[in-house]
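Protein sequences, first through last, are from chains P and B.
Each residue of the first sequence is one higher than the last, beginning at 1 in the numbering used here.
Each residue of the second sequence is one higher than the last, beginning at 261 in the numbering used here.
No wet-lab data here; the hints were simulated from the structure.
Glycine residues also receive a C-beta, built at the ideal position from the N, C-alpha and C atoms.
Take these hints with a grain of salt, some might be off.
Facing chain B, a subset of chain P residues (Cβ under 7 Å, in silico) [to be verified]: (1) L60; (2) W70; (3) G72; (4) T89; (5) A97; (6) F130; (7) L138; (8) G140; (9) G141; (10) F199; (11) F234.
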Amino acid sequence: MIGNSFQSPIISLRNVGKTFERGTVALAGFDLDVRAGEFVSLLGPSGCGKSTALRIIAGLSAPSAGTVEWPGGSAGGAGEIGFVFQEPTLMPWADVAANVRLPLKLARADKAQSAVAVGQAINRVGLGEFSRSYPRELSGGMRMRASIARALVTEPRLILMDEPFAALDEITRFKLNNDLVTLWQELRRTVIFVTHSVFESVYLSQRIVVMTPRPGQVSSQVTIDAPYPRDERFRTSADYAGYCRLVSEALGKAMAGEAA
Amino acid sequence: MSERILRIALPILVLALGVLIWALVVRVFAMPPYVLPGPDLVFKTLIADGALLWNSLLVTLLTTFEGFLLAAVGGIGLAILFNQSRLIEYSLYPYAVILQVTPIVAIAPILLIYLPQPLAVLACAWIVAFFPVLANTTLGLRSVDHNLIALFDLYKASRWQMLWELKLPAALPQMLAGLRIAGGLSLIGAVVAEIAAGSAGAGSGLAYRIAESGYRLNIPRMFAALLLLSLAGVAIFFLLSGLSYLALRRWHESAVARER
């Protein structure tokens, strides 16, 4: 196991609740600890508040109850958190390089240094040949790669991903999952990954947090104790199938609890 | 490719047919020129009165251009102001609408009482042209992708960066659509004001020539001036469409050819 359980968490959510203006309760009594370098997935059906939790961690949304703490020091500074949305969310009027440069430009970073960082980030996601292309000229998977490069460019401590591959076809999704695992192993950043796919979460994560909907709460947690690097062999292994069954059951229980 | 030829050839064919029928009607019914001049006479007048009409055209075009420029600056400026402050938007927007829905023909004579004639004409050109710029730019500034706004928030973008790097480029297609409408409208505003001023005696624009020729029963010159006016309108439309295309061709669906 790679995640070190003795390490203190870099982020700690306690009893967090979020009620929207129209009275929808998205989260209630939500607890989460994530350690440095860990890959954690939040798994649950749509409407279970997993995106809301991510936005609260990013500071894009304020919790209506509870506390969000950063034991190792605040990650409030610009560029300490990278965010990948469900859509690529690129600026259509800018090419890939300009889109990836955006976080550095907003931080008024030095131009020459930015150019190096942008080139690195683009190469990392395998878009080297497409840095002058506009988003509309790229496929869905390539747009998502550009979006990931943008999240990486500031070398953030924490990367938040909100169902980034949900809209992609299965072939592209598998490819991006493989590449994400490789990237995570190289960079050793903390990743919190939101998904509604059992298979995706088992393939990627060290730990899966299963959530119940209305209100969003942690139902159970599953540790995926399979070694990295994970590749196609893992995807077709009996271990993988076993973990998927385990997580599916946990998800089933979470849903049943909600129906009762 | 053949469709492109058709798009140019068909309107020209229709024009030729129209002129032919016009010429035939004048000849067959032996119309006197003070009732309906033939196309040949109109063309001859256009050449004979060329210098006079050309100078008048320049006067009208200058007013149109000034009105358009003021409308562009005023419309975009006010839209940005509205976008930055709800209070200003609520206070002023109704009056912008009132200015728009009151017929310009009715406003022009009143403006001519209080303003020197050139200024009154300019004011009319501005009043009719500025609202489409304001309305379209306001819509554009409001339709920015919410996730992109969240992204800019995440990277702690300043108000200025949010406006300059995100909202204005995002609003560009709508802004350009507004400007395209404003180009034609500022010509209309200038013409209406010149006609209204024409009865007051002063003026030398093309619309004034039309009114003047009407009093003198110089019908061929009326037609020649009208021809020049509509040519000017067409030229303005193509100029602004071309500008819009150049600005959007790399990224906006409206300017990118559809592949089939």
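A quick look at each hint next to the structure:
no.: 1; hint: L60; verdict: holds (5 Å)
no.: 2; hint: W70; verdict: violated (16 Å)
no.: 3; hint: G72; verdict: violated (20 Å)
no.: 4; hint: T89; verdict: holds (4 Å)
no.: 5; hint: A97; verdict: violated (14 Å)
no.: 6; hint: F130; verdict: violated (14 Å)
no.: 7; hint: L138; verdict: violated (12 Å)
no.: 8; hint: G140; verdict: violated (16 Å)
no.: 9; hint: G141; verdict: violated (18 Å)
no.: 10; hint: F199; verdict: violated (26 Å)
no.: 11; hint: F234; verdict: violated (32 Å)
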